[in-house]
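Residue numbers (this note's numbering), protein chains in the order written: chain A, 1 to 297; chain B, 1 to 704.
Derived from the structure by calculation, the hints contain no laboratory data.
In this text the structure is predicted, and so the values were computed from the model without any measurement.
Hints are supplied without guarantee of correctness; some may be wrong.
[To be verified] One-sided and incomplete, this derived list gives chain A residues near chain B with beta-carbon spacing under 10 Å: (1) Asp7; (2) Leu212; (3) Val214.
[As the list claims (entries may be wrong)] Derived coverage of chain A by chain B (criterion: at least 3 residues anywhere in the stretch with Cβ under 8 Å from a Cβ of chain B; other residues may be distant): (4) 159 to 172; (5) 193 to 201.
Heads up, the beta-carbon is just placed ideally off N, CA and C, and yes, glycines get one too.
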Amino acid sequence: MQLGPLDAATSIASALLRALASLVRLALRTPAGRIGLPLVVLHVVLALFGQALAPYPPTQFHIEDHQLEGPSLQFLLGTDQFGRDVLSRVMSGATSLISVAAAGALLGIALGTVVGMSSGYKGGRTDEVVMRVMDAMMSFPSLLIALLVLTSLGPNPINIAGTIGIVFIAPVARVMRSSTLAVKSLEFVDAARLRGEPNVYIIFREILPNTLPVLAVEASVRFSYSILLVASLGFLGLGVQPPSSDWGLMISESRIFITGAPWVALAPAAAVASLVIGVNLLADGIKQARELPKREA
Amino acid sequence: MATTTTVMLETTTAADGAEQPLLKVDGLSVTFFTPTGAVHAVRDASFEIKRGEVVGLVGESGCGKSTMAYAIMGYLPGEPEVGGAVYLDGQDMAELGPAELRALRGNRVAMVYQDPALALNPTMKVGLQILEAISEHLTLDAAQAAERMAELIESVGLPDPERIAESYPHQLSGGQQQRIVIAMALACDPDLLLMDEPTTGLDVTTEATILDLVADLKGRVNAGILYVSHNLGVVARIADRVVVMYAGQTVEEAPVRDLFKDPRHPYTVGLLSCVPKPVADTGAVTRLQSIRGSVFPSAQSDPGMCLFSDRCPMATDRCTSEAPTPASVSDSHESRCFYPDDVSTDLWDELVEREAPHENGKEPTLTVKGLHRVYGKWQRKYLFFGPKVKPPVRAVENVDFEVGAGRTVGIVGESGSGKSTVARSIVGLVPRDEGDLELRGEDLPAEADERNADQKASLRMVFQNPTSSLNPKLPVRHNILRPLQKFTDMTASEREERACELLESVGLDASYMDRQPLQLSGGQQQRVALAAAFAGDPELIVADEPVSALDVSVQAQVLNLLEDHQREKGTSYVFISHDLGVVRYVSDEIVVLYAGHVAESGPAEDVLSTPSHPYTEALLSAAPVPDPDATPTPIRLGGSVPKQHEQFKGCFFASRCPRKIGDVCDNTPPPLQTSPGSPTHEIHCHIPLEELARLQDSSVATLG
């Protein structure tokens, strides 16, 4: 009996869920993880419910009397040049940024994993060619490729996520290839070959579970890079378009008032920074926890 | 405290001229604190070492042997709780400060580690590393130090000290590296030498030469030597006294002959009966025995009982409710057992005689003809151009043998002899370059991927390291169900049932189905691997060093399972091992490989008796036998297996052969000789067989 694609999907999904649960447990064992995890959770909550929790609609103008007002009880983080509430805009900006960044990172990780693991498992000349192509891709600055694609295809969330996905194939493939090489030499892979398992089965069922810790760390690193990339694209005007409250866009729009009304730029900048720091701390925490002595012998 | 005072009294009396122990370990205990709780690595261990004496310390892995050695050095990792005391020449080591300890280590107490490749700095020439050890403790000027270094290198039996001193560790063979480590340990004439499994990673032939060196040192350096080993054969060869450790306790201590001839602790008897022994004079071969269970979980602490009671065949209620203390059996013989007088050698089940092997069937299961395998290509001087400068590595050349139905062919040889390449070519993990493989007379494709399901099911492999041959992320269930799914057309429920049967056939029950491999002990893992190999009802199983990674106590379980399965199903085996004792025990026929060439092949008893190939003779002579009275012919091989890309103009063994007869060996490939009495016994050698037999019989005979 062959393994159906549905079986494969459910088994991968359940493996990912289990991995997630064990990662949370791991994260909580180190100080870095204990700081990073709440930060990330906070941002995820913002992304899911930010718009609903915000005190004002993000695009509501208070143009007559509240332009570029400093923080007050009415507007906790002040207002921008159109009298829009900065807090509400920051809170509702999380959704687009995190979802686009996450989609891009996930795509990159998925593609990179497939490319890297297949190439590493196959080995020989194929591997050599694939990895040189990856090297070539990595020699371009990622922002440059993104700009190139987005100016020709037009900036919309799907294009942004797709671009990030492509940019991330090379670095993810490299990491996954090296951990595949390490696992490939173990005897259970030989045992699977002697049973006559197809390559796809060996790569994803036998090898992948053994590379999950590496993959998890790589995923978190990619996610934080992805956030920075989306924010940078927004800042350069190639991200989500106005009047949406994308953080990069907000920083970009407010930079002319930065001497008079620094809060308008600081709030979204702090949001991006805290998210990136949170993700990095979480990743570090997990990495450190893995190096701690195991609880079970 | 009472014990301490008696010790002080002893040492003061000793000072009057009576013999004072060099090292006295008194009630030593070491407890590590881990996140899971306390681990009692050593508990209540006591023994002594005198000057000029070699004390062997044996036990299974996890018995605290290495911890003991490190505790004596005062060099334990972490912050363990240490109880009891260690006295060096009457000086309590615990009273020494860090600076004094530092001065002591290397100077008065030196250590030799298991893996010389890790003990040496790969970026430093070995001469410099020895000089470092000298200058750390002795005040010598440069010329004196250099002289001392050359002296040391010579004293460990290495020729040409200048050349050796200028070498980096990777330029030396494993045996040479270990000699350098020993030279470093000897740098300051230590009083006590601790050797932690110094020959475990080495080939038998190299091991034998290192053991000779240790025996030689004993007479020369007037130091006490503590020799830690899991190998009873090694200890039997060099130790004066033996201390047996179990679960951190010293359970028996005796002079070497007493311990091997008249053991007084059931654990010692168990260890001894697990080792495959040479065929007895009566010709009766008995089944191997194993010690059930595994070492008392060291994390547990229950001092109120005999720690061995759960595995002991003679345990009584007293053993589980009261802790035994070491009691004297005779003058110098102590045993930590309540009933030392009831201990007998047939304690572990009665000795069951093995059944005769299967008759050689008409049609062989597997035929290997002219197997040839080369790794890599000719390398040219300038990447793609220029003259060919480096030939490819030849792993196996022209290997032929047959495996009859229901029979076992053992393949022996040192590392680098091509054993694993043969195994992997048979199952198709390494494609062969030339030669034919036939399964029941049918041609077998070279690569596993090209073989059909039936061929794959008929040819299974058991790997050396069970920890890596089972996927650590998938449960036991997966490892057994998957081959069933691939090789049979059973329904899911039938497979489930069959998997449970298979587990039971290897002595594990159905509850193991959902365990993760990492939760199992090494022996259990290897048994799961066996069950997985048995799953497709294979006709031939290739076992590549299946028991090398296991303790002797569980080695027997795996060997017996293989044997039972063979009797029941008529499965054939290709059994690969570097351990001649094991191969001798399991094989009907033996193939001796050297540098990718068959040196000798034929029925097991013929190969192991005269006349045999000089290489076989050397292997037999080197193999450690757990019998202190064994006097093997002292044949030692120098050097190591030649780098395989060397082209052999003459005999492949000429460079190391102790019986080389002259230029003919260097220039002409050896002819194939068949012994007249046994037409399947083949030897590749220039020396005529009658001459070979005469030479070998005249040197000290009786190899068993």
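Okay, the hints, checked on the actual structure:
{"no.": "1", "hint": "Asp7", "in the structure": "12 Å, violated"}
{"no.": "2", "hint": "Leu212", "in the structure": "8 Å, holds"}
{"no.": "3", "hint": "Val214", "in the structure": "13 Å, violated"}
{"no.": "4", "hint": "159 to 172", "in the structure": "violated (count 0)"}
{"no.": "5", "hint": "193 to 201", "in the structure": "holds (count 5)"}
Violated hints for the displayed structure, listed by number in ascending order: 1, 3 and 4.
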